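Protein sequences appear in the order of chains A and B. Using the numbering used here, you'd call the opening residue of the first sequence number 179 and step up by one each time. Using the numbering used here, you'd call the opening residue of the second sequence number 2 and step up by one each time.
If you're looking for bench data, these hints aren't it; they were derived computationally from the structure. These figures come from a predicted structure and were not determined experimentally. Note that CB positions come from ideal geometry on N, CA and C, so glycine has one too. Just so you know, not all the hints are guaranteed correct.
Across the chosen pairs, the derived CB separations fall in these ranges [stated by the list, open to error]:
id : chain 1 : residue 1 : chain 2 : residue 2 : range
1  : A       : 503       : B       : 93        : 24 to 34 Å
2  : B       : 199       : A       : 546       : 51 to 61 Å
3  : B       : 264       : A       : 221       : 38 to 48 Å
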Amino acid sequence: MTDLPMPQSGAAPVPKSSLMVADTRTRRRNAAEKRFRLYGAGAIGVALIALVVLLTSIIGGGAGAFRQTYLSIPVALDAETLDPKGNRNPDEMSKVLTLSYGKVLDRAVDAAVGSSEIEITDLSEKDISSLVSKEASAQLRNRVLADPELVGQTVDVNVLVNGRIDGYFKGRVTMESAAADANTSPQQLMLADALKEQGMLVTRFNWNFITNPDASDQRPEAAGVGVAILGSFYMMLVVLLLAVPIGVAASIYLEEFAPKNRWTDVIEVNISNLAAVPSIVFGILGLAAFINFAGLPQSAPVVGGLVLTLMTLPTIIISTRAALKAVPPSIRDAALGVGASRMQSVFHHVLPLAMPGILTGTIIGLAQALGETAPLLLIGMVAFVREFPAAPPEGLFDPASALPVQVYNWTQRADPAFVERASGAIIVLLIFLFCMNLLAIFLRRRFERRW
Amino acid sequence: MYDINRAESAVTQQDIKISARNVQVYYGDTHAIKDVNVEILDKTVTAFIGPSGCGKSTFLRCINRMNDTIDIARIEGQIRLDGEDIYDRRVDPVQLRAKVGMVFQKPNPFPKSIYDNVAYGPRIHGLARNKTELDEIVEKSLRGSALWNEVKDRLDEPGTGLSGGQQQRLCIARAVATAPEVLLMDEPCSALDPIATGQVEELIDQLRSEYSVVIVTHSMQQAARVSQKTAFFHLGNLVEYGETDDIFTKPQDSRTEAYISGRIG
């Protein structure tokens, strides 16, 4: 590998060589360099291929989550069923169960299919009405309760269709698989095809995937990452508010003010060790300290945030200290030389110069925390949460989910439609991480100054 | 541009500004400065010369307590500024450093505008009551360091964008702006080319009228050109201290003689 000079034996006469001909040593050196470049290019190539495979598999699997099929039909909102008292009072109307809305919807679907002059073979009314999602009646109920004046009218509704039919248009469900599936049949799919031709089935961008909460096992078509995004956002808020000030203050103290003795050495080694502790250990710590001892609620973003703070602190401290160390000592001397105190020299001169490094480290720490799953499983963030948490600060104590946990959750479910949702959630997560890294690069460029 | 005779110009005042008594400095186990006694005069340029590692910079940094920032450094003895012991427990080094300014070996302007570089010291010491006064201090300091005419139209530009010699004069302006009584210079010209060196040396000679200037230098020619008093350090000892002319023409100690004639160092 290395080019140590060969021991010269005695006084062997060295023949005169020409510069036009490369000698053996030069040739060997050049060959070694060429080989090394090839290794490097090979390593980069392997990494790039892995990245491309990863992205294509995730985007190929998850892009479907962002498109959703709806049945666009007129629905007659029967006043008798939906508002028995007839006073359009939302409080009274909320006593009408989702079941009644389901009946209204079933009738509307049957009527729409009946009037469309499509030839129907081997399909009962129940088969036809089960084209729509079980979630559709609940969505209709929410819409009516929000606007009671709709009762008695006939409104155009985009009804969420069942996950199997949705999957058929995304290529996940085929005639063969439908024949073997108790939840759907080839006849249903043929009806769906016919409805599509009539323009009653439409596929469009699925905003609900981003805004909806999670849905139960039977309704993958209604599941979304809304609660998970909010929960992750709240946790990032907690991490930002706790880890950044504590981490930056700790590193400034350790780097600029603390005496260099055995104690600070011990602290330094332990901070480095903390950075290497597996994240699940922090989960157990959080369970013991924050939930069992301090009595904070389970599944709450505040607990998740605290655990992730503990996990992110070493990362932030190490990168901040590295950034402070990189500021040339001549700047400190200059400030002290004109009579600035230690604190003035740090806050007026050292910290602004270290800022890009500190910001980059912090954002990388945050990104790491955003993608962390294991510790959240232990503090109950894995729970099935349908309710959106309230606005902070109270909302920090409400149950919520988190993006990576939602991915984990969905991959555990039986319906293959959830695989698509899980990949979709991964895409959302990757977009967030990508944006955070872009922000880190932007801040670095913005604050970078030469000295 | 410069001739040795310049240094012979009469030393007008002979007040003792700084007096050091039995100063010892230890870096951990290393005895870096051994029993130094010296009296530095006001309105005079005093040069510290000697081979590398002889302790001249260390001693210079004792005068404004910059060695306090080094954990393992330990100082014994007394250094008096105008009769007051600067290592007394009641002395705040921050206040001392406002009185004893320092210019470093490598030009180290802050990565801020030229104006902010000079204005920083007066700002933190509250020397100006308003913007006009601050502007005056900045202009006076930049004029004092012979930089005003070169930078007066671009005070908002970064100080780091100036040439090496200009940067060093900016650092001198920054030190002068806090209205110090003593200016310490640690090899201020070692990173500069001969022309910039000439400009800084000329400046040092002008500064003599207002300050007591102590300059550490590697170059014996420079010591001869700019200083009236010279101290020769060797292996942590102050070997010889006297009028610059005497040191260079009739050194008392054989080590001084060996050094200035180029046989050691």
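Okay, the hints, checked on the actual structure:
no. : hint                      : verdict
1   : A/503 x B/93: 24 to 34 Å  : 27 Å, holds
2   : B/199 x A/546: 51 to 61 Å : 56 Å, holds
3   : B/264 x A/221: 38 to 48 Å : 58 Å, violated
In this structure, only the earlier hint numbered 3 is contradicted, and the remaining ones agree with it.
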